[in-house]
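Using the hints, put the two standalone chains together into the complex.
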Amino acid sequence: MALLSKKDANLILDPLADNNPITIQVLGICSALAITAELKASVVMAISVIFVLGVGNVVISLLRNIIPSKIRIIVQLIVVATLVIVVDQVLKAFAYELSKTLAVFVGLIITNCIIMGRFEAFALGNGPWRSFLDGIGNALGYGVILIIVGFFRELLGSGTLFGMPVLGDPIAKTGLYATGYENNGFMIIPPAALIVVGIIIWVQRSRNKALIEEA
Amino acid sequence: MGLKEKLHQTKLKYQGKKMAPAFNAIHTFLYAPNETTHSGSHVRGADDLKRTMNTVIMSLVPCLIFGMFNAGYQQYAAINGFPADFSIMEHFLTWDNFLIGAATILPLVVVSYGIGLAVEFVFAVIKGHEVEEGYLVTGMLVPLIVPVDTPLWMLAIAVIFGVVIGKEVFGGTGMNILNPALTIRAFLFFAYPTWMSGDKVWVHGAVDGVTKAGSTDAISGETVLGYLAQGNTAEMAQKYDLADMFFGFIPGSVGETSTFLILLGGLFLIFSKIASWRIMLSAVLGSLAMGLIFNGIVAAEWIPEYSKFYSLMSFEYWQHLLVGGLAFGIVFMATDPVTGSQTNRGKWIYGFLIGFMSVMIRVFNPGYPEGVFLAILLMNVFAPTIDHYVVRGNIKRRMKRLKNATIYPKVTEGAEALKTETV
Numbered sequence: 001m002a003l004l005s006k007k008d009a010n011l012i013l014d015p016l017a018d019n020n021p022i023t024i025q026v027l028g029i030c031s032a033l034a035i036t037a038e039l040k041a042s043v044v045m046a047i048s049v050i051f052v053l054g055v056g057n058v059v060i061s062l063l064r065n066i067i068p069s070k071i072r073i074i075v076q077l078i079v080v081a082t083l084v085i086v087v088d089q090v091l092k093a094f095a096y097e098l099s100k101t102l103a104v105f106v107g108l109i110i111t112n113c114i115i116m117g118r119f120e121a122f123a124l125g126n127g128p129w130r131s132f133l134d135g136i137g138n139a140l141g142y143g144v145i146l147i148i149v150g151f152f153r154e155l156l157g158s159g160t161l162f163g164m165p166v167l168g169d170p171i172a173k174t175g176l177y178a179t180g181y182e183n184n185g186f187m188i189i190p191p192a193a194l195i196v197v198g199i200i201i202w203v204q205r206s207r208n209k210a211l212i213e214e215a
Numbered sequence: 001m002g003l004k005e006k007l008h009q010t011k012l013k014y015q016g017k018k019m020a021p022a023f024n025a026i027h028t029f030l031y032a033p034n035e036t037t038h039s040g041s042h043v044r045g046a047d048d049l050k051r052t053m054n055t056v057i058m059s060l061v062p063c064l065i066f067g068m069f070n071a072g073y074q075q076y077a078a079i080n081g082f083p084a085d086f087s088i089m090e091h092f093l094t095w096d097n098f099l100i101g102a103a104t105i106l107p108l109v110v111v112s113y114g115i116g117l118a119v120e121f122v123f124a125v126i127k128g129h130e131v132e133e134g135y136l137v138t139g140m141l142v143p144l145i146v147p148v149d150t151p152l153w154m155l156a157i158a159v160i161f162g163v164v165i166g167k168e169v170f171g172g173t174g175m176n177i178l179n180p181a182l183t184i185r186a187f188l189f190f191a192y193p194t195w196m197s198g199d200k201v202w203v204h205g206a207v208d209g210v211t212k213a214g215s216t217d218a219i220s221g222e223t224v225l226g227y228l229a230q231g232n233t234a235e236m237a238q239k240y241d242l243a244d245m246f247f248g249f250i251p252g253s254v255g256e257t258s259t260f261l262i263l264l265g266g267l268f269l270i271f272s273k274i275a276s277w278r279i280m281l282s283a284v285l286g287s288l289a290m291g292l293i294f295n296g297i298v299a300a301e302w303i304p305e306y307s308k309f310y311s312l313m314s315f316e317y318w319q320h321l322l323v324g325g326l327a328f329g330i331v332f333m334a335t336d337p338v339t340g341s342q343t344n345r346g347k348w349i350y351g352f353l354i355g356f357m358s359v360m361i362r363v364f365n366p367g368y369p370e371g372v373f374l375a376i377l378l379m380n381v382f383a384p385t386i387d388h389y390v391v392r393g394n395i396k397r398r399m400k401r402l403k404n405a406t407i408y409p410k411v412t413e414g415a416e417a418l419k420t421e422t423v
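Chain order of the listed sequences is P and C.
First residue of the first sequence: 1, per UniProt numbering; consecutive thereafter.
First residue of the second sequence: 1, per UniProt numbering; consecutive thereafter.
Isolated chain C (complex conformation) (with noise of 0.2 angstroms):
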C-alpha cells in the first residue's frame, strides 16, 4: 500500500471527525486533491493554491541555502578579516559555512512553520474548516527576513501574532488586509528593536561576545545601509564592491542579501505566472524615481554635506536595489496576490508607491535605514482605496462613451429609455 493510498485511508476514516482538516490538510499538501480552490480572491486555474504557493517556495529555496553559506560566510570574515584573494569555492562554498549557517537557520525555520502551522490546525479546527494554505509560503518568508540570531522564543510570539492579528481575525487565507510576513516582521521590530538593527545582529555569534581572531574584540558586521546612515561611506567602499552587493556576500536578514539570486527567483515567478511582474517593475521604476530625486538634490547642493542624510541621499540611486530587503520585499512580498492591488492600472500605481516610499523610508528613517516592510505594509492598507478609485475610472469612462455612442437602430424611444436606464 502506497503512501498515497494509506493517507486516503487515513482521511476516510477521520471524515466527519473533528480532526478531519488537519489529515485533509496533509494529504492535500503531498498530493493534488482531484479539486481545485474554491474561493478567495487568488487566480483560478487548474493548479489549486497549494501549488502555487509550493511555486513560490521553490523560488525562494536558493535565497534560504544561500543565506545559510552567507550565515557562515559572515561570521568567518568578522573573526579573521574579509579574505584579500576572495574565492567563491575556497571562501564561500564550504561546508563549514553551510553548516554553521544551517544550525542557525534552520531552526528558524523549524519554528516559523512549526508555530505557524500549530496555529493554523487550532484554528481550522475550532472553525471546523480545511486548514488553509496560506501559511505555506508565510512560514518560508518569515526566516528569510529576520537576522540570523533571532532568538527562536521571538520568532514564536511574533509568529503567533502575526497569524491571529494579521490574518485568523480577518477570516483567515485570502481575506487578510497585511501580508502576514510582514506583520510579523514589524512586530518583531517594534517589541524587540534592539534585535532587529544595529551592528551585532546581523553576524550570527556577535550578540554572545565572539570574538575576532587573536584579541579580545567582539565580531560586528554592519550593513551596508548602516555604514551609510552613520555616513562612513568610504568604509563601507573599501568593504564591499558592488559585485559583493550583486551577489549578496554581505550582511543582511537572511534570505534578502543576493539581489541575483532573488532576481532568478523573480524570473521564474513571471514565467510560471503566478507573480504580477506589472507590480515588480513598477516598484523598480518607483525606487529608482524617488533614488534619482536625492542623487538630484544632492547633486544641486540643497543639501549640507554635514547633514546625517546626506550620505543615503549621495547613494547611487539604481545601487538601493543592491542592498537591504528592497529587492527581496519587491519580488516576494509586493507581490503578495491577497494583499496587492487586484486591477492591472492598480497594480502599477501600487508598485511604483511601494518603490517609491520604501527609497524616502530608508533614507529618512532615524532609527533604522530600512523602510522596505513599512512601505509595503502601508499600501496594503491602501491597495483596496487604488483599486476602488482605478474601478470607477473605469466606470466613468465606458459611461461617457455610452453617452456619446450612436446607437442603431436610429435612435427610438425605446433605446432613449434603454440609455437613461443604463445610465
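If we strip away everything but chain P, and leave its shape as in the complex, we get (with noise of 0.2 angstroms):
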C-alpha cells in the first residue's frame, strides 16, 4: 500500500473487518437479508451500493462547505437518490432480469442506513480524497458480507452458485443428489439470512475478543 498512507489505508481495511457496518456497526441488514438468496444478486448489489457510496461520499463532500445544515439531510436525499436512479437505469437497461430479481431493492438503496450514516458521520467533515476511500472502504465492508451469506445460501438453499449446479442435478438425481441429500428450504427464506449473519459475527467476535461488549 504504498499508494495509500497508512491512515488512508485504514479508511478501506477497517470497515472490511473490524468495524464491519453489518457484523459491527449492524447497519443495512434489511437488503442483506432480502437479496442474499442469490450471489449473483448480492454482487450486482455490492457493486451497486460501492458506485452509491463511493460517488456519494465525494459529491457530499465537495458540497460540505455550502450545504446549510438544517437541509443537509434533504440534500444528502437529492444526491443519494440521483445516484441510485442512475445504477437503477444502468441495470435495466444491461441486466434487465437481474433488475427485475433484485426489484425494490436497488430504489431502497436510498435508505440504506450505512449510505446515509457515512454521509452524516463521515464526508461532511472530511475532503473529497478521504470520503472517497471511506465510502469504498464501507461499501466493500458491506459487500463482503453479502457475498459471503449469497454464496452459503445459494449453495444450501439451491445448490447452485451464480446459477450453475454445483452439486448435480436434484431432478435427475445427479453428483450430491444421488446420495439422498435434497436443497435445504430454509436457506431460502430471508430467516436464514439472520442466521448466517449471526454466525459470522459470532465467528468474527470469537477470533477477537476485543469486539465483545461488556455485559
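One should not assume that every hint holds.
Claimed, not checked - Cross-link-like lysine-lysine pairs, in silico, DSSO-like; alpha carbons within 27 angstroms at most: (1) K209(P) to K18(C); (2) K6(C) to K50(C); (3) K13(C) to K127(C); (4) K308(C) to K239(C); (5) K173(P) to K200(C); (6) K13(C) to K209(P); (7) K308(C) to K200(C); (8) K308(C) to K403(C); (9) K239(C) to K212(C); (10) K6(P) to K209(P); (11) K209(P) to K17(C); (12) K6(C) to K17(C).
To be verified - Interface residues of chain P toward chain C, partial, derived using beta-carbon atoms under 10 angstroms: (13) T82; (14) V104; (15) T111; (16) G180; (17) E182; (18) G185; (19) F186; (20) I189.
Don't read these hints as lab results, they were simulated from the structure.
For every residue, glycine included, the Cβ atom is placed at its ideal position computed from N, Cα and C.
Next up, the structure:
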C-alpha cells in the first residue's frame, strides 16, 4: 500500500474487518436479508452500493462547506436518489432479468442506513479523497458480507452458484443428490440470512475478543 | 470393584484435565452425585437436574414404545387394509409390528442422542464447564415428534442446528429462549417440507414405494387432520373412530398419536411435581375455546360449505385434543420450565394462548394442517414479556396497598419518610 498512507489505507481496511458496517455496526441489515438468496444478486447489490457510496461520499464532501446544516438531510437524499436512479437505469438497460430479481431493493439503497450514516459521519467533515476511500471501504465491507451470505444461501438452498448447478441435478438425482441429499428450503427464506449473519458475527467475535461488549 | 467405584476412579484420574467434563457427565448420569443443581432457572429441590430429566424421560417411554407398535401397525394396515375385526392383541401388539417399528425408530433415537450429546460434549470441553443435562429430554422428544421415515442425515443436521443455534449460543441449558426440540422440528419443517407433510411420510415404507397387497399401488396414509384439510371428512370418519384417535391407532409423528398414554405421562409429571398443571390445564382450555369459536362460526353459517377451512372448522371442538400433536405439545413441550412462563399467573396466560393459537394455526395453515410447534415457539418468545407484566402488576398492586395502608404506630414524620422512600 505504497499508494496510500497508513491512515488512508485504514479507511478502506477497517470496515472490511473490525469495523464492518453489517457485523459490527449492524447497519444495512434489511437488504442483507432480502436479496442474498442468490449470489448474483448479492454481487450486483454490492457493486451498486460501492458505486453509490463512493461517488456520493465525494459529492457530499465537495458540497460540505456550502450545504446549510438545517437542510443537509434533504441534500443528502437528493444526491443518493440521483445516484440510485442512475444505477437502476443502468441495470434495467444492461441486466434486465437481474433488475427484476432485485426489484425494489435497488431503489431502497436510498434508505440504506450505511449510506446516510457515512454521509453524516464522514463525508460532511472530511475532504473528497478521504471520503472516497471511506465510502469504498464501507461499501466493500458491506459487499463482502453480502457475498459470503449469498454464497452459503445459494449453495445450500438451491445447490447452485451464480445460477450454475454445482452439486448435481436435484431432479435427475445426479452428483451429490444421488446419495439422497436434498436442498435446504430453509436457506431460501430471509430468516436464514439472519442466522448466517449471526454466525459470521459469532465467528468474528470469538476470533477477536476485543469486539465483545461488556455485559 | 463396582461400576460406581470404577467411574469414581476414572473421574479422579482425569480431574482438572481437558476431558474431565465428559467423564463427570457419565458418572453423574448413572449415579446421583452428592451435590444438587447449582444454577439455571429450575426448581431447586433435593433432586438434581438429571433426576428431573430422567423422570420426564420415564413418562415418555410409553409413548416411544407405543410409537414402535404403531409404526408397524400403520404399515400393516396400509398394505393389507384396516382389519375389519380389530383386536388389540391380534393386530396391534404383535412382535411383527414391534420389530418393524423398532427397526425404523431406534435409529432415530440413536442419531438424536448421538449427535446431540456429541455437540454438548464438544461445547463443554471448549468452554471447560460440566456437560449440561439439557439434552437428555430433548434427545428423547426429537424422535417422538418427527415422521417415522425422516432420513437420518436430515435429523442429524437439524439436531446440530437446534442445539447450537437454539441453545448453545444463548449460553446452554437454562438460558435458551426457544425449546430446542421444537427448534429442531421447525428447522426440519422449513428446510425439508416434502419430508414433513403430505400423505407419504407417516407410513413406514410409503416414500420408498412399498405397494399394497395384490396391487401395484404404492401405500400411503393420511393423518386425520390431513383428511380434514382436504375436506374429506366422510372418508376420515369411515377410517378412524373416536377410540382410534384416543388410543392412538392413527398415522402421525412417532410419539404423538396416543392421547391416552400422553395423558398418563402428563398425570405422572403432575404428581411428581415436575411439570406445571397450570400450563397444561390452561392450554387445554385455550384449545377448547378456539375450537368452540370455530364450531360457533360454522353453526352460525358464517362460512360457506365450499370454503377450504370448513371441514377443519366444523371438527368437533374437543376432538382437536385427540389428533395431531396438540396433546403431546401441551404435556411435554409447553411445560418446559426453561422456556415457559415462570409466574403462576403468567403460566395461565401462556398456556391458554398456546392452546388457542395451536388450533387457530392448525385450521388456517394452508401448507400443513398442524400448528402446535409454531404456537409453542411463538409463546416461548413471549413468555418473558408475560412474566414481566405479571411482576409489574404485582408491584403495582402492592404499591397501592401500601399507599392506602394505615401505618402503626400512628403516622409520625419518620414513618411518612419511610413511606415515600419505599414508593
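How the hints compare with the structure:
1. K209(P) to K18(C): Holds, because 22 angstroms separates the two Cα atoms, which is no more than 27 angstroms.
2. K6(C) to K50(C): Status holds; Cα separation ~20 angstroms.
3. K13(C) to K127(C): holds (20 angstroms)
4. K308(C) to K239(C): holds (21 angstroms)
5. K173(P) to K200(C): holds (20 angstroms)
6. K13(C) to K209(P): Roughly 33 angstroms separates the two Cα atoms, so the pair is violated.
7. K308(C) to K200(C): holds (22 angstroms)
8. K308(C) to K403(C): At roughly 57 angstroms apart (the allowed maximum being 27 angstroms), K403(C) and K308(C) break the hint.
9. K239(C) to K212(C): Judged against 27 angstroms, a Cα distance of about 17 angstroms means the pair holds.
10. K6(P) to K209(P): holds (24 angstroms)
11. K209(P) to K17(C): holds (24 angstroms)
12. K6(C) to K17(C): holds (18 angstroms)
13. T82: violated (40 angstroms)
14. V104: violated (24 angstroms)
15. T111: Violated, because the Cβ-Cβ distance from T111(P) to chain C comes to roughly 27 angstroms (cut-off 10 angstroms).
16. G180: This interface hint holds because 6 angstroms falls under the 10 angstroms limit.
17. E182: Status holds, d = 6 angstroms.
18. G185: Check passed: Cβ of G185(P) comes within 5 angstroms of chain C, closer than 10 angstroms.
19. F186: holds (4 angstroms)
20. I189: holds (7 angstroms)
In the structure shown, a violation is registered for the earlier hints numbered 6, 8, 13, 14, 15, in ascending order.
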